[in-house]
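S.K.: Go ahead and model the full structure; you've got the sequences and the hints to work with.
There are 2 protein chains.
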Amino acid sequence: MLNIGIDLGGTNIVAAVVDENYNILGKSKTPTATPRSADEIFDDIAKVCREAMENANVKIEDISSIGMGTPGTVNGEGVIEFANNLGFDNVPARQMIIDRLGELPVFIENDANCAALGEAYAGCGNGSKNFVAVTLGTGVGSGIIVDGKIVTGVNFAGGECGHMVIMVDGEPCTCGRKGCWEAYASATALIRQTKAAMDADPDSVMHELAAEEGKVSGRTAFDAMRKGDISGINVVNNYIKYVACGLINLVNALQPEIICVGGGICNEGETLMKPLRRYVQAERYSIHSKLQTKIMKAQLGNDAGVIGAALLGSTK
Amino acid sequence: MLNIGIDLGGTNIVAAVVDENYNILGKSKTPTATPRSADEIFDDIAKVCREAMENANVKIEDISSIGMGTPGTVNGEGVIEFANNLGFDNVPARQMIIDRLGELPVFIENDANCAALGEAYAGCGNGSKNFVAVTLGTGVGSGIIVDGKIVTGVNFAGGECGHMVIMVDGEPCTCGRKGCWEAYASATALIRQTKAAMDADPDSVMHELAAEEGKVSGRTAFDAMRKGDISGINVVNNYIKYVACGLINLVNALQPEIICVGGGICNEGETLMKPLRRYVQAERYSIHSKLQTKIMKAQLGNDAGVIGAALLGSTK
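Those protein sequences? They're chains A and B, same order as listed.
Everything in the first sequence is counted per our numbering, starting at 1 for the first residue and increasing by one.
Everything in the second sequence is counted per our numbering, starting at 317 for the first residue and increasing by one.
The set of hints was computed from the structure by calculation and includes no laboratory data.
Hints may contain errors.
[Stated by the list, open to error] Just so you have them, the derived chain B footprint on chain A, three or more residues with Cβ under 8 Å:
#1 104-116
#2 147-156
#3 233-245
[As the list claims (entries may be wrong)] Cβ-to-Cβ under 10 Å is the rule here; a few derived chain B residues that face chain A:
#4 Asp463
#5 Asn568
#6 Ser605
For each residue, glycine too, the CB sits at the ideal point set by N, CA and C.
M.R.: This is the structure in structure tokens:
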């Protein structure tokens, strides 16, 4: 059984033909090139789908379903109700794909939810049915899987765990609240925390590191820490504590089998994952339970989105 | 179809015969009288079940299943792995009920989860399948229902939303973390906040109110607010803001149809519910969605526990 998964991003549109063992048989990609009309963008979506099928050497008749992950909120009718960074307002995505590729089952879902589904089934979850994926990127994205299905909530806007407040009256968040997890645990937040520490410590090695790289990045404080820089150590310690705080919140609320952590910061590997696991182990409510939530690093990288999107048809 | 629901509490054991329309046909109650051996407590559980059947004028042959809510963590085999306030450590609750009442289907679940199930099906949820119940009591209890089922998690310890941190490094919580929602939004926390405000304001009317009642209670600040007392107003405003913070966190993560708020503090009615709804409306992530989570007052009071327990057999 073959399915097409589409990852509609703010930067690129990716499509892939995915088989029943989650292998990608063919793939194609084109820039999203916003701002453009929805019609133009969906013409390109159809184009990359056709190219992916060509690359996989299959025909549309071989395809069982098409799934697409998109930023923003998608309702049960496959309409993208709102997607800020695509400029979409009530775009009938499902119908626009059917109009271009034919009468196939088409499923549309939020992109973070698709990535969670991909990691749960085909990535570090290895088929896990109770799973949370967290992505530490520009923001903190997340998707919740319960009983093998995405928790979309009543309005298909569920899974926004980055917008859970961990610090009442704390740092302002892009969502309008103050103190969201995202405002402390995203790569953006880490960079802000790094800059603040640099301002406070003119002797920190972080100044040299940032000059070498040409900017302050999510790596600056980690690299400084590895050089024994006190300000770098403090930034990293605090950042990991903030990330852990939200993870423990999710453990206590949902006790999933696995919480998967992804995004650029995860390139730090065990430097990040090991202390995260120690915080979770020390603070989780379920100290007396034999089974415990595993904290794992995401495995699929950018492919999580297309693989998860391709899975939408079989997990609805 | 008749089921028996049991609510095993730290203070009382209650059993009820519940019909398919969630009506209680007969009920009985006895003190838990801890500390006692599990055997003695389960003898009394069987006794109140028999009394409830007598009061309902039904026989054990008329009963389809027995469900019990208990404090603590219950595993999939119906063993209470740990329940601090009952002194239980690996008590085989399911088997102990079968030994005393016969070979019926018996289901054991955490008490907050049972109460959530009761409110979802028979209370303010009116059959809602995606539902969160929050109880503002000594602690902040909660239960999460997704697709009509309790989210127990991998280790049956799920739904502990009171132990999600809303204030990093904040007030110490009984669970060992700092800044849990429970440490700000429980009745216990409200009393602590009231006492602190009284210490800071010797002229507050709260001193008189507490003297009249013989103690500082969850009502003291609300009563002072109604008399225009500035310190009382501040305590209530801050408390409601803390309660709302956790509710909005749950909305953003799960977007349930309904979040139900129960516990003694809810006797304040719309004085509490109205500002809570305004906070949620202003801060929820899903501002563009047509459907929104409803914030409702719990309806079943103490009966939520036995009704939810009686429902366990049909929702597993």
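S.K.: Would you mind marking each hint as holding or not holding in the structure?
M.R.: A quick look at each hint next to the structure:
{"no.": "1", "hint": "104-116", "verdict": "violated (count 0)"}
{"no.": "2", "hint": "147-156", "verdict": "holds (count 8)"}
{"no.": "3", "hint": "233-245", "verdict": "holds (count 3)"}
{"no.": "4", "hint": "Asp463", "verdict": "holds (6 Å)"}
{"no.": "5", "hint": "Asn568", "verdict": "holds (4 Å)"}
{"no.": "6", "hint": "Ser605", "verdict": "holds (4 Å)"}
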